[in-house]
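Next come the chains, spelled out residue by residue.
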Amino acid sequence: MVHLLETEKLTIRFGGLAAVNEVDLTVDHGETVGLIGPNGSGKTTFFNLLTGIYRPTEGSIRYAGENLVALPTFKIAKQGIARTFQNNRLFLNLSVLDNVLIGMHPHQDSNWFDAIFRRRYVEKEIEKGVEKGLELLSQFSEELASHCYQRAGDLPQADRRKVEICRALASNPKLLLLDEPSAGMSPAETEELMEDIRRVRQKVRGIGIIIIEHDMAVIREVADRVVVLNYGRKIAEGTFQEISSNELVLEAYLGREEKNAQA
Amino acid sequence: MRSRTLGRAILLIGVETIFFILFAAFMMTFDTMKIVLFILFFIGIGLLFTKWDRARHVLTNLFKELKIFASLWFVVLLLTVPFVFQSSPYLIHICVMAGLFAILALGLNFQLGSTNVVNFATAASYGIGAYASALLAVHFHISFWLGLLIGGSLASLFGLLLGIPCMKTKDYYLSLVTIAFGLIIYILLINFTWTGGPNGIPNIPPPSLLGHSFKDPIHLLGYQLPFQSNYYYLIFILVGGSLVVAHRLHHSRVGLTWNAIREDEIAARCHGIDVTWYKILAFCIDAFFGGVAGTVYSHYIGFISPENFAFIVSVVVVTMVILGGMDNVFGVIMGAILLTILPEKFRAFEDFRILIYGIIIITMLRFRPQGLFPQKMRIYKKNG
Numbered sequence: 101m102v103h104l105l106e107t108e109k110l111t112i113r114f115g116g117l118a119a120v121n122e123v124d125l126t127v128d129h130g131e132t133v134g135l136i137g138p139n140g141s142g143k144t145t146f147f148n149l150l151t152g153i154y155r156p157t158e159g160s161i162r163y164a165g166e167n168l169v170a171l172p173t174f175k176i177a178k179q180g181i182a183r184t185f186q187n188n189r190l191f192l193n194l195s196v197l198d199n200v201l202i203g204m205h206p207h208q209d210s211n212w213f214d215a216i217f218r219r220r221y222v223e224k225e226i227e228k229g230v231e232k233g234l235e236l237l238s239q240f241s242e243e244l245a246s247h248c249y250q251r252a253g254d255l256p257q258a259d260r261r262k263v264e265i266c267r268a269l270a271s272n273p274k275l276l277l278l279d280e281p282s283a284g285m286s287p288a289e290t291e292e293l294m295e296d297i298r299r300v301r302q303k304v305r306g307i308g309i310i311i312i313e314h315d316m317a318v319i320r321e322v323a324d325r326v327v328v329l330n331y332g333r334k335i336a337e338g339t340f341q342e343i344s345s346n347e348l349v350l351e352a353y354l355g356r357e358e359k360n361a362q363a
Numbered sequence: 043m044r045s046r047t048l049g050r051a052i053l054l055i056g057v058e059t060i061f062f063i064l065f066a067a068f069m070m071t072f073d074t075m076k077i078v079l080f081i082l083f084f085i086g087i088g089l090l091f092t093k094w095d096r097a098r099h100v101l102t103n104l105f106k107e108l109k110i111f112a113s114l115w116f117v118v119l120l121l122t123v124p125f126v127f128q129s130s131p132y133l134i135h136i137c138v139m140a141g142l143f144a145i146l147a148l149g150l151n152f153q154l155g156s157t158n159v160v161n162f163a164t165a166a167s168y169g170i171g172a173y174a175s176a177l178l179a180v181h182f183h184i185s186f187w188l189g190l191l192i193g194g195s196l197a198s199l200f201g202l203l204l205g206i207p208c209m210k211t212k213d214y215y216l217s218l219v220t221i222a223f224g225l226i227i228y229i230l231l232i233n234f235t236w237t238g239g240p241n242g243i244p245n246i247p248p249p250s251l252l253g254h255s256f257k258d259p260i261h262l263l264g265y266q267l268p269f270q271s272n273y274y275y276l277i278f279i280l281v282g283g284s285l286v287v288a289h290r291l292h293h294s295r296v297g298l299t300w301n302a303i304r305e306d307e308i309a310a311r312c313h314g315i316d317v318t319w320y321k322i323l324a325f326c327i328d329a330f331f332g333g334v335a336g337t338v339y340s341h342y343i344g345f346i347s348p349e350n351f352a353f354i355v356s357v358v359v360v361t362m363v364i365l366g367g368m369d370n371v372f373g374v375i376m377g378a379i380l381l382t383i384l385p386e387k388f389r390a391f392e393d394f395r396i397l398i399y400g401i402i403i404i405t406m407l408r409f410r411p412q413g414l415f416p417q418k419m420r421i422y423k424k425n426g
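Residue numbers (the working numbering), protein chains in the order written: chain A, 101 to 363; chain B, 43 to 426.
These are calculated hints, taken from the structure and not from any lab test. Nothing here was measured: the structure is a model prediction, and the numbers come from that model. Note that CB positions come from ideal geometry on N, CA and C, so glycine has one too. Please note that the accuracy of each hint is not assured.
As the list claims (entries may be wrong) - Distance windows between CB atoms, simulated:
#, chain 1, residue 1, chain 2, residue 2, range
1, A, D124, B, L230, 55 to 63 Å
2, A, S286, B, E386, 56 to 64 Å
3, A, A288, B, I52, 51 to 59 Å
4, B, F111, A, K228, 29 to 37 Å
5, B, K212, A, D124, 29 to 37 Å
6, A, K109, B, L230, 52 to 60 Å
7, A, A288, B, L64, 32 to 40 Å
Said to hold, decoys possible - With a cut-off of at most 25 Å between alpha-carbon atoms, the simulated DMTMM-like pairs for lysine to aspartate or glutamate come out as follows:
#, chain 1, residue 1, chain 2, residue 2
8, B, K418, A, E223
9, B, K106, A, E227
10, A, K228, A, D259
11, B, K76, B, D393
As the list claims (entries may be wrong) - Partial chain A-side listing against chain B, Cβ under 10 Å, derived:
#, residue
12, F114
13, L117
14, R183
15, L197
16, P206
17, D209
18, S210
19, G229
20, V230
21, A268
Kindly produce the complete structure, drawing on both the sequences and the hints.
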């Protein structure tokens, strides 16, 4: 069976440093994979490789059976891979709704000629987009939907995260990459976030998700399978239970006390 | 209900007409002291308007409710300009130049305002349009109207040629490439013999429409309007057209995409936006506007030389966009009008012109980077 996403020996070296080193990872349709590891273990770099921001030194990325390596970022996005960012990158001076509308860019098709000469067509496209955008927003928060003309930069952190997820979902992705969505959130907000992710999985059938998280409660709740990176290498893979008792993982997070003491 | 609307319409006409009369009076003042007083008065009104919320609220609502009526009356007032300035062609000339610069600024706004591509090659596309149509008219007797299209398209093609190497660079480096391009065009115009070298091209024929040459005065309703009025009405239509195009692009997927690139290029890419193509598109559309303005200019003045398309022209247009308001179509036009009229009014201080542009750019970027009229959020019909 063809995996939704399959990386094989994916590697990128910056000078002598292999930030991501021979990582094999698969995601199936409808599966949520947690990607964890200490700071600097190459998780975000892995996302940047998947989205084409960096070009891998070695290895392959196959998405729905097609090779993604060497495709420019925007084409990868058009294939149905959407992402959020660690320090979210909303279009701050645009309204909430405009942010979500830009998410729909990949399957809208009006061009400059339509914009100038075929006003009807463009208006219809916008109308459809607005309707879909408001629906998406109201699924996450009615308040956001009713304040959809607010400047995105004026929103609190938790709401920005929601808008960012909406923007990513607006492109009808088959694979969603979430980069530390709970960063800077209160426990209550994190709780809400988990609820949101569960809802996404319910509503968008067959969507694959990779989620980078430091909050293990989130990973335990939402991830079907967990992959652990350390120094760019995959050191463990399995269910949350398996991972949490894996010695290599504990070592990576807590350090090896005895040996350190001896050395 | 009907009488209330009527009352509001009269109020609207009153407000617009008073402003128009003030503007006309200002234009006809030549005494420096009085000009300064006028400007202080306008600034005072502007400040009062920002502070006095109630008045602002009433007026903006008024304009919103009777939008079509307000713009119609505004158009009527603008059409009377040649009648008002009938006895002083110089004032009409200033208005024509203001219109030309408005087109240039609207074009640049696609890049500087919408996409944050700081392009200093406006003068180049302006010059290419002017030279192309002038050469075609002088040597091949190609009519102005066809020249308008050719000038615009040719400038657009050069915009494309400029855009491709620019895409290999970013930010300041991109600006440097555009500056270099502008200089290359300028130097080439001086050194080519077939463009007339430093002497330029004289005797460019004026356009004519339905047998009426644009060099002749207009006779209308018993008035004789100076020949500049021909160009005033031409520019009026062209600015109107540019305004519609700019507005439509802004309120479309293209405008939104440009804004996304301005805000965050990497995020834009990750949402499927072909950044390179959209930037080049902005280059081409900007250059088309520049080419059209250049064509009108060359046929209007009847004589062009490389000096008309020097680097400083680009700087002036950049200043107009920054002063007026990034990505606010109305603001950009206001910027162009202000920066065309004010230097004419302060002819006495012409030597300090460039210094003043510098001061304007620095003050605006420091204290009001969004410009006099900031960009507004797009509001869509539903759920308004």
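Status of each hint after checking the structure:
1. In this structure the supplied range 55 to 63 Å holds for D124(A) paired with L230(B), their Cβ-Cβ distance being about 57 Å.
2. Checking the proposed 56 to 64 Å range against S286(A) and E386(B) shows it holds: the Cβ atoms sit about 60 Å from each other.
3. Separation of A288(A) from I52(B) is about 56 Å and conforms to the stated range, judged on CB atoms against 51 to 59 Å.
4. A beta carbon spacing of about 31 Å between F111(B) and K228(A) agrees with the range 29 to 37 Å that was offered as a hint.
5. A C-beta distance of roughly 35 Å is found between K212(B) and D124(A), which places it inside the suggested range of 29 to 37 Å.
6. In this structure the supplied range 52 to 60 Å holds for K109(A) paired with L230(B), their Cβ-Cβ distance being about 53 Å.
7. Range check, A288(A) to L64(B): about 57 Å between beta-carbon atoms, so the 32 to 40 Å window is missed.
8. Distance check on the hinted pair: K418(B) and E223(A) sit about 19 Å apart at the alpha-carbon level, within 25 Å; holds.
9. Between the alpha carbons of K106(B) and E227(A) the distance comes to roughly 21 Å, so the proposed pair stays at or under 25 Å and holds.
10. For the given pair, K228(A) sits about 24 Å from D259(A) by alpha-carbon distance, which is consistent with the 25 Å threshold.
11. Between the alpha carbons of K76(B) and D393(B) the distance comes to roughly 21 Å, so the proposed pair stays at or under 25 Å and holds.
12. A hinted interface residue such as F114(A) counts as satisfied when its beta carbon comes closer than 10 Å to some beta carbon of chain B; here the least separation is about 18 Å, so the hint is violated.
13. Here the hint on L117(A) is broken, as its CB sits about 22 Å from the closest CB of chain B, past 10 Å.
14. Residue-level restraint check for R183(A) holds (minimum Cβ-Cβ distance to chain B is 6 Å; threshold 10 Å).
15. Because the beta carbon of L197(A) sits about 7 Å from the nearest beta carbon in chain B, less than 10 Å, this interface hint is met.
16. Taken as an interface hint, P206(A) checks out: its beta carbon lies about 4 Å from the nearest beta carbon of chain B, inside 10 Å.
17. Hint status for D209(A): holds, given a least beta-carbon distance of 8 Å to chain B, under 10 Å.
18. Contact between S210(A) and chain B, as hinted, is supported at the beta carbon level, the nearest pair being about 5 Å apart and thus within 10 Å.
19. Taken as an interface hint, G229(A) checks out: its beta carbon lies about 8 Å from the nearest beta carbon of chain B, inside 10 Å.
20. Among the interface hints, the one on V230(A) holds; its C-beta lies about 5 Å from the nearest C-beta in chain B, closer than the 10 Å criterion.
21. Because the closest C-beta pair between A268(A) and chain B is about 8 Å apart, less than 10 Å, the hint holds.
When each numbered hint is compared with the structure, violations occur for hints 7, 12, 13.
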